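Enquirer: Residue numbers (the numbering used here), protein chains in the order written: chain A, 1 to 131; chain B, 1 to 134.
Note that these hints are calculated values from the structure, not bench results. Possibly wrong hints are sitting among the right ones.
[As the list claims (entries may be wrong)] What the simulated footprint calls covered on chain A by chain B, stretch by stretch (three residues with Cβ under 8 Å from a Cβ of chain B suffice, anywhere in the stretch; the number is not a length): (1) 15-24; (2) 60-73; (3) 81-90; (4) 107-115.
[Said to hold, decoys possible] No more than 25 Å apart at the CA atoms, straight line, and that leaves these computed lysine to any residue pairs for SDA-like: (5) K16/A x D97/B; (6) K104/B x K16/A; (7) K113/B x L125/B; (8) K69/B x R129/B; (9) K113/B x L26/A; (10) K16/A x L110/A; (11) K69/B x M21/A; (12) K113/B x Q101/A; (13) K69/B x A50/A; (14) K16/A x F102/A; (15) K104/B x A29/A; (16) K104/B x F102/A; (17) K104/B x Q5/A; (18) K113/B x M21/A; (19) K104/B x G37/A.
[Said to hold, decoys possible] Here are some chain A residues the structure puts well away from chain B; computed CB gaps all over 10 Å: (20) Q5; (21) R28; (22) W76; (23) L78; (24) G96; (25) E98; (26) I99; (27) F102; (28) V103; (29) R104; (30) A127.
All values derive from a computational prediction rather than experimental measurement. We treat Cβ as the ideally placed atom computed from N, Cα and C, and that holds for glycine.
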Amino acid sequence: MADTQRPLSPHIQVYKWQVQMVSSILHRATGIALAVGSLLVVCGLLQLAAGEDGFNHFKSVIGSPVGMVLLIGWSWALFYHLCNGIRHLLQDAGLGYEIPQFVRSSWLSLAGSIALTVLVWAYVLTAGGAA
Amino acid sequence: MSAPDSVVKDRRNPLKIARGLGSSQSGVGHWWTQRLTAAALVLLGVWFVVTVLCLLHADYTTARAAVAKPWNALLLIAFMLTMFWHAVLGLQVVIEDYVHVRWKEVVLLAAIKFLAVLGALASVLAVLRIALTP
């Protein structure tokens, strides 16, 4: 709480940036982004249930340039949260706690998420443009 | 004994004061449910991405027919419910960590739960409407 008199941890600027910090912060950030993105999926389902006009309108919105940029962002967020989520589940099982392993798996989550995003969007774009 | 006055006046057994504070055996529930929904979402999430990619250029009729398939309808509802559940558990931790004004914290915690329940119900209704109307 804000009004307690506990000592504060050293200021964030004192820390040297490490990949584990990035992977941890990104897990939260992508989680929040995905929670917002879930509303888009609900919109899509409601429009599909509402009828053809609604569905076509939804398709044109997510197929627009802004829609595509958001979709690329959300797809990366999903793949990052997925990769790093699996990493956290393995850590919960007690695996990969040695510092070199911890650093390596951080990089793996990041690289894996970017690879999956590139793969999926290469497929989307070669299969003929927007959804 | 150099205990403060308030403690000296309190005739209750210290255990009586301590009981009921902290996790009281329910603390692991949040943690465990978050992991269980995460494990489910690894499978459901991959299924969802593959299904959406298969429907890449689908028109209205194709998309509706795909969602109406029993297995797809079932998995889609499972995905949406698990996802909103996992989202609430995750957002709850973020709010508890970063929102330090008590009333704002409580309002936000209630708001994400209301929103998630609404979103989950809306998804279920939409999928059922697609699956059950010919």
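Enquirer: Each of the hints needs a verdict: does it hold here or not?
Expert: Hints, verified against the model:
1. 15-24: Check failed, 0 qualifying residues.
2. 60-73: violated (count 0)
3. 81-90: holds (count 5)
4. 107-115: violated (count 0)
5. K16/A x D97/B: holds (23 Å)
6. K104/B x K16/A: The hint is violated at about 33 Å.
7. K113/B x L125/B: The given pair, whose Cα atoms are some 18 Å apart, holds under the 25 Å limit.
8. K69/B x R129/B: holds (12 Å)
9. K113/B x L26/A: Holds, at about 23 Å.
10. K16/A x L110/A: The hint holds at about 19 Å.
11. K69/B x M21/A: violated (43 Å)
12. K113/B x Q101/A: violated (37 Å)
13. K69/B x A50/A: The hint holds at about 18 Å.
14. K16/A x F102/A: Answer holds: K16/A to F102/A is near 17 Å, not above 25 Å.
15. K104/B x A29/A: Given pair K104/B, A29/A holds - Cα atoms ~20 Å apart, limit 25 Å.
16. K104/B x F102/A: Distance of about 36 Å is beyond 25 Å: violated.
17. K104/B x Q5/A: Distance ~21 Å between K104/B and Q5/A Cα, so the pair holds.
18. K113/B x M21/A: Violated, because 29 Å separates the two Cα atoms, which is more than 25 Å.
19. K104/B x G37/A: Roughly 23 Å between the alpha carbons, so the hint for K104/B and G37/A holds.
20. Q5: Since the minimum Cβ distance to chain B is about 14 Å, Q5/A lies beyond 10 Å and the statement holds.
21. R28: R28/A not clear of chain B: closest Cβ-Cβ about 6 Å, inside 10 Å.
22. W76: Holds: least Cβ distance 12 Å, greater than 10 Å.
23. L78: It is violated; L78/A is separated from chain B by about 7 Å at its closest Cβ, not greater than 10 Å.
24. G96: The assertion about G96/A holds, with a minimum of 16 Å to chain B.
25. E98: holds (22 Å)
26. I99: holds (24 Å)
27. F102: holds (19 Å)
28. V103: holds (22 Å)
29. R104: holds (21 Å)
30. A127: violated (6 Å)
Of the numbered hints stated above, those contradicted by the structure are hints 1, 2, 4, 6, 11, 12, 16, 18, 21, 23 and 30, listed in ascending order.
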